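Novice: Spelled out from the first residue to the last, the chains are:
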Amino acid sequence: MAVKLMTSKEVTKKVIKKEELFILDVRNQNDFNDWKIEGEKFEYLNIPYFELLDGVEGILNQLPNDKEILVVCAKEGSSVMVAEMLSEYGVSVSYLQGGMKAWSEYLEPIKVGDLVNGGELYQFVRIGKGCLSYMLVSNGEAAIIDATRMTDVYIDFARDINAKIVHIFDTHLHADHISGGRKIAELTGATYWLPPKDATEVTFSYNPLENNNQIMIGNTTLSIQALYSPGHTIGSTSFIVDEQYLLSGDILFIDSIGRPDLAGLAEDWVGDLRETLYRRYKELSHELIVLPAHFMVISELNEDGSVSEKLGTLFENNHGLNLSNEYEFNKLVTENLPPQPNSYQEIRETNMGKVTPDIEKQREMEIGPNRCAVR
Amino acid sequence: MNIAKFLDAKGLACPMPIVRTKKAMTELQVGEILEIHVTDKGAKNDLAAWSKSGGHELLKVEEENDLLKFWIKKG
Numbered sequence: 001m002a003v004k005l006m007t008s009k010e011v012t013k014k015v016i017k018k019e020e021l022f023i024l025d026v027r028n029q030n031d032f033n034d035w036k037i038e039g040e041k042f043e044y045l046n047i048p049y050f051e052l053l054d055g056v057e058g059i060l061n062q063l064p065n066d067k068e069i070l071v072v073c074a075k076e077g078s079s080v081m082v083a084e085m086l087s088e089y090g091v092s093v094s095y096l097q098g099g100m101k102a103w104s105e106y107l108e109p110i111k112v113g114d115l116v117n118g119g120e121l122y123q124f125v126r127i128g129k130g131c132l133s134y135m136l137v138s139n140g141e142a143a144i145i146d147a148t149r150m151t152d153v154y155i156d157f158a159r160d161i162n163a164k165i166v167h168i169f170d171t172h173l174h175a176d177h178i179s180g181g182r183k184i185a186e187l188t189g190a191t192y193w194l195p196p197k198d199a200t201e202v203t204f205s206y207n208p209l210e211n212n213n214q215i216m217i218g219n220t221t222l223s224i225q226a227l228y229s230p231g232h233t234i235g236s237t238s239f240i241v242d243e244q245y246l247l248s249g250d251i252l253f254i255d256s257i258g259r260p261d262l263a264g265l266a267e268d269w270v271g272d273l274r275e276t277l278y279r280r281y282k283e284l285s286h287e288l289i290v291l292p293a294h295f296m297v298i299s300e301l302n303e304d305g306s307v308s309e310k311l312g313t314l315f316e317n318n319h320g321l322n323l324s325n326e327y328e329f330n331k332l333v334t335e336n337l338p339p340q341p342n343s344y345q346e347i348r349e350t351n352m353g354k355v356t357p358d359i360e361k362q363r364e365m366e367i368g369p370n371r372c373a374v375r
Numbered sequence: 001m002n003i004a005k006f007l008d009a010k011g012l013a014c015p016m017p018i019v020r021t022k023k024a025m026t027e028l029q030v031g032e033i034l035e036i037h038v039t040d041k042g043a044k045n046d047l048a049a050w051s052k053s054g055g056h057e058l059l060k061v062e063e064e065n066d067l068l069k070f071w072i073k074k075g
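As given, the protein sequences belong to chains A and B, one line each in that order. One point on numbering: in the numbering used here, the residue at position 122 of the first sequence is 122, and numbering is uninterrupted. One point on numbering: in the numbering used here, the residue at position 40 of the second sequence is 40, and numbering is uninterrupted.
Keep in mind the hints are simulated off the structure, nothing from the lab. None of these values were measured; they are calculated from a predicted model. One or more hints might be untrue.
Said to hold, decoys possible - Here are the computed distance ranges between Cβ atoms for each label pair:
| no. | chain 1 | residue 1 | chain 2 | residue 2 | range |
| --- | --- | --- | --- | --- | --- |
| 1 | B | 30 | A | 201 | 37 to 45 Å |
| 2 | A | 302 | B | 4 | 58 to 66 Å |
| 3 | B | 3 | A | 51 | 23 to 31 Å |
| 4 | B | 23 | A | 9 | 32 to 40 Å |
| 5 | A | 30 | B | 23 | 19 to 27 Å |
| 6 | A | 43 | B | 27 | 37 to 45 Å |
| 7 | A | 19 | B | 52 | 29 to 37 Å |
| 8 | B | 3 | A | 33 | 27 to 35 Å |
| 9 | A | 40 | B | 29 | 46 to 54 Å |
| 10 | B | 69 | A | 360 | 13 to 21 Å |
| 11 | B | 31 | A | 54 | 21 to 29 Å |
| 12 | A | 4 | B | 57 | 37 to 45 Å |
As the list claims (entries may be wrong) - Simulated pairs of lysine-lysine, BS3-like, Cα-Cα distance not exceeding 27 Å:
| no. | chain 1 | residue 1 | chain 2 | residue 2 |
| --- | --- | --- | --- | --- |
| 13 | A | 13 | A | 111 |
| 14 | A | 361 | B | 41 |
| 15 | A | 101 | B | 69 |
Beta carbons are placed, not taken as given, at the ideal position from N, Cα and C, and that holds for glycine.
Construct the complete structure from the given sequences, taking the supplied hints into account.
Specialist: Written out as structure tokens, the structure reads:
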């Protein structure tokens, strides 16, 4: 029986449509426990490929015969081997093209809405890692917010919709993924913006993102307002687009809030974080649609796969926004922190331009889930 | 260290480093040591996990730029 190939895009569709899938993950146990393909109706079996070299007979009875089976490994090679061994026993299986490496890099563009003056807003969902980035389009011009290092995706997407990329923003100096912002700016001639308080050590020139910047995209002034919102980093900035959308960076997520420790200053910044979330954000219209820079768990995805929620709803339901006691809040964001993201210091230095790792090294630095939230 | 066998797995991608290591190991006696050179970064975790699951002892790992060296004692 022939072995089939499944792409990251096809797996993403199954995640969004909440379809069933049986994943045979043949990476070793530590890697599987640390990070895997998440889907609400996905089932898993983790057997390292090296335990199957003598044959797959031993696991045949652990595989379902009424579900699609996908074999997954780190880079593809071992999943092809195991899939072929299984197919010799008549089991119908697919392998994930490019393995977890490709899964980590896949971006699904989803339109989140129309803008008042005829523009459009797209969210790029990095489904395997939880990073969210954005493209605003108006009258043939585009702006990108929190781009990942997969720069081709944005450049190709803009070209396909006949938009010229003119502005690129990073809401803060990222610690969990390598920014593609600077590279896209170099390739397209667009202006690159960064909050100056996060940029004290950067080795490149940038446009300072400061309060009340009004930036023209297309023929319309899109009311992008930089809203200084320290907490996650000292320079963390959020944007209000078109008085409809709040791009909250890593400050506020759907069911969690930003962690203040990735630049090493949890105790110093916890007060700023609380001030931003409990006072600055509270003064904003609760009708704003919050568009964060990450999602944490797959259940945060909307029906169409996008990630967004009304600010008012978050004030009602987000655990991190409902800690009335300041002591409890401080305890949550300073003591109850998840493990730090893989290579986060090296990623910060890369984003500062201090080091320039090659592409393989960049992939390795970014492998694993994002962990920039506390809950 | 007394090396009974040397395996050059440089340039091979997963799963081949483990496939070759497993084969080389079958040619050794219990207690003998296999030295392996690999360039596939994924082999670092995989060889450690494979040694453990097979009852072998991973004695030493060295990293020189892109080259990974392993010494495994057959168990």
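Novice: Run every hint past the structure and note whether it holds.
Specialist: Right, here's what the structure says about each hint:
Between residue 30/B and residue 201/A the C-beta distance comes to about 54 Å, which lies outside the given range of 37 to 45 Å. For residue 302/A and residue 4/B, the hinted distance range of 58 to 66 Å is satisfied, since their beta carbons lie about 59 Å from each other. Restraint check, residue 3/B to residue 51/A: a C-beta distance of roughly 26 Å satisfies the suggested window 23 to 31 Å. Range check, residue 23/B to residue 9/A: Cβ separation about 37 Å, and the 32 to 40 Å hint holds.
The given range of 19 to 27 Å is respected by residue 30/A and residue 23/B, whose C-beta atoms sit roughly 25 Å from each other. For residue 43/A paired with residue 27/B, a C-beta distance near 39 Å keeps the hint of 37 to 45 Å intact. Here the CB-CB span from residue 19/A to residue 52/B is close to 36 Å, well matched to the stated 29 to 37 Å. Checked against the hint of 27 to 35 Å, the pair residue 3/B and residue 33/A passes, with Cβ atoms roughly 34 Å apart.
A beta carbon spacing of about 51 Å between residue 40/A and residue 29/B agrees with the range 46 to 54 Å that was offered as a hint. The given range of 13 to 21 Å is respected by residue 69/B and residue 360/A, whose C-beta atoms sit roughly 19 Å from each other. The given range of 21 to 29 Å is respected by residue 31/B and residue 54/A, whose C-beta atoms sit roughly 23 Å from each other. A hinted range of 37 to 45 Å holds for the C-beta pair residue 4/A and residue 57/B, which are about 40 Å apart.
At most 27 Å may separate the alpha-carbon atoms for a hinted pair to count; residue 13/A and residue 111/A meet this at roughly 15 Å. The hinted pair formed by residue 361/A and residue 41/B meets the criterion: a straight-line CA distance of about 10 Å does not exceed 27 Å. Proximity of residue 101/A to residue 69/B is assessed by CA-CA distance (about 24 Å); at most 27 Å being required, the pair is judged to hold.
Figure legend: structure checked against the earlier numbered hints; the only hint not met is number 1.
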